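Work the whole structure out from these sequences, hints included.
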Amino acid sequence: MRVGVIGATGAVGREMLSLIQERRFPAREVRVFASERSAGMTIPFAGGDLIVEVPSEEVFGDLDLALFSAGGRVSRAFARAASRAGCMVVDNSSAFRMEDDVPLVVPEINAAALDGHRNLVANPNCTTIVNALAVAPLHDAFRLRRMVVASYQAASGAGAAGLAELMGGTRGHLEGDESPPEVFAAPLPFNVVPQIGAVGEDGGTDEEAKMGTETRKILGVPDLEVVCTCVRVPVARAHGVASTLWFERPVDMKRARAALDQAPGIRWHDLPTPRAASARDEVLVGRLRAVPFDERALTLFAVGDQVRKGAALNALQIAERLIADR
24 MRVGVIGATG
34 AVGREMLSLI
44 QERRFPAREV
54 RVFASERSAG
64 MTIPFAGGDL
74 IVEVPSEEVF
84 GDLDLALFSA
94 GGRVSRAFAR
104 AASRAGCMVV
114 DNSSAFRMED
124 DVPLVVPEIN
134 AAALDGHRNL
144 VANPNCTTIV
154 NALAVAPLHD
164 AFRLRRMVVA
174 SYQAASGAGA
184 AGLAELMGGT
194 RGHLEGDESP
204 PEVFAAPLPF
214 NVVPQIGAVG
224 EDGGTDEEAK
234 MGTETRKILG
244 VPDLEVVCTC
254 VRVPVARAHG
264 VASTLWFERP
274 VDMKRARAAL
284 DQAPGIRWHD
294 LPTPRAASAR
304 DEVLVGRLRA
314 VPFDERALTL
324 FAVGDQVRKG
334 AALNALQIAE
344 RLIADR
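Letter 149 of the sequence shown, counting from 1, is numbered 172 in our numbering, and no numbers are missing.
One or more hints might be untrue.
[What the hints assert, rightly or not] Dumping the calculated DMTMM-like pairs for lysine to aspartate or glutamate here, alpha-carbon to alpha-carbon at most 25 Å:
1. K277 - D293
2. K277 - D163
3. K277 - E305
4. K277 - E318
5. K277 - D317
6. K277 - E131
[To be verified] Label-pair restraints from in silico Cβ distances:
7. S58 - D229: 20 to 28 Å
8. V314 - G71: 50 to 58 Å
9. A69 - A302: 19 to 27 Å
10. G182 - E248: 30 to 38 Å
Hints were generated in silico from the structure; no laboratory data involved. From a predicted model like this one, the values you see are computed outputs, not experimental measurements. Positions of the beta carbon are idealized from the N, C-alpha and C atoms, including for glycine.
If you want it as C-alpha cells, here you go:
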C-alpha cells in the first residue's frame, strides 16, 4: 500500500504518521506532503526521515491511499483529482462532509456507509466524533430525537498557534504582561471563550452548526433537533461535551449504562477529564444521570482526544476498513 499524508507537518498529520507505525498499517511506501514553505524539510518516520513534498495532481497516480489533513482549500484543490486517479481518499477537512456522494463516517457507528464507496470518504469534525460515539449506543436503544450540547474544546483544537497562545498567554498573565489574543476571540488563559468559528446571522457559529448537520448524517436521523454551544477552554488537549438527550422512548438507566459499557470506541469513566482522555484511543464517558422532570431524557459528559480519535485515528480506521473491503 502506497500512502500519502497531505498536511504531514501539522499535529494531525504527525499523529497519522505515528499511528501508521503503531497500528502496523500495511504501508510499503509512505510519502509526506505540505505547503511550499515546508518543502524539503524532513520528518522522522520508522527509523529514517521522510522528505516533505509539495502536492500536485500528478502525484496521486502513484499512491493507493491519500490521507488529507491540510485544510479545506487543499482538499478542494486535490481530493477529487486524487479520487479520479484511483486513489482512496480520506479527508479530514469540512470540504466534502455534507456532499451526498461522500460518506461521513465514524467506523464504530456507521461503517456500513462505506459499502460501495471506495474513493472519497470524509472524517467528521472532532467534537462531533466525541459526542457521536457517546450518543450512538443510546440512540440505538431509545431512538434519539433532540440533543442539547455544550462543548469544552481544548486550545490545541486551533492548531499549534492556539496552544502557543494559551501557554504564552498564561505566562504573560502571571507576569503581568499579557499580549492581545490573535488566535482566539478573547484571552484564553484563566478564561473561557464561548465562540469557536465565525458567527452567522442567526448568532450561531460554524462549529456549532457542524454538530447538528454532521450528527444527523452520521446517525441517519435527518429530523434530529440539535442545539449546540461551543466553548474554548484553557486546556491543552482533548475536547469535552456535556449532552442532554431526549428520546422517543422512556429511558431505563440500567439499560442506558449497559449500552454504553458494550459500545465500541468508548470507555466508562467515573470522572472523565481532558487529562484522562489525552493520548487515548477511546472516548471517555461518565456523569450519566436521569433528567428528573422527563422520563424520556438523560444527560452525560464525554471527552476525547481531538487529535487522535477526533481526527487521525478515525481516518486510519476508515482506511483500514476500506482496505479490508477491497
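Against the structure, the hints:
Note on K277 and D293: the hinted pairing holds, with a Cα-Cα distance of about 15 Å set against a maximum of 25 Å. Restraint check for K277 and D163: satisfied, since their Cα atoms lie roughly 15 Å apart, inside the 25 Å limit. Proximity of K277 to E305 is assessed by CA-CA distance (about 22 Å); at most 25 Å being required, the pair is judged to hold. As the CA atoms of K277 and E318 are separated by approximately 13 Å, the hinted pair is consistent with the 25 Å bound.
Of the supplied pair hints, the one linking K277 and D317 holds, its CA atoms being roughly 16 Å apart against a limit of 25 Å. Taking the CA atoms of K277 and E131, the gap is about 22 Å. The hint holds against a cut of 25 Å. Taking 20 to 28 Å as the suggested C-beta distance range, the pair S58 and D229 conforms, at roughly 23 Å. Taking the beta carbon of each, V314 and G71 are about 55 Å apart, inside 50 to 58 Å as hinted.
Evaluation of the 19 to 27 Å hint for A69 and A302 yields a pass: the beta carbon distance comes to about 20 Å. Range check, G182 to E248: Cβ separation about 32 Å, and the 30 to 38 Å hint holds.
Of the numbered hints given earlier, the model fails none.
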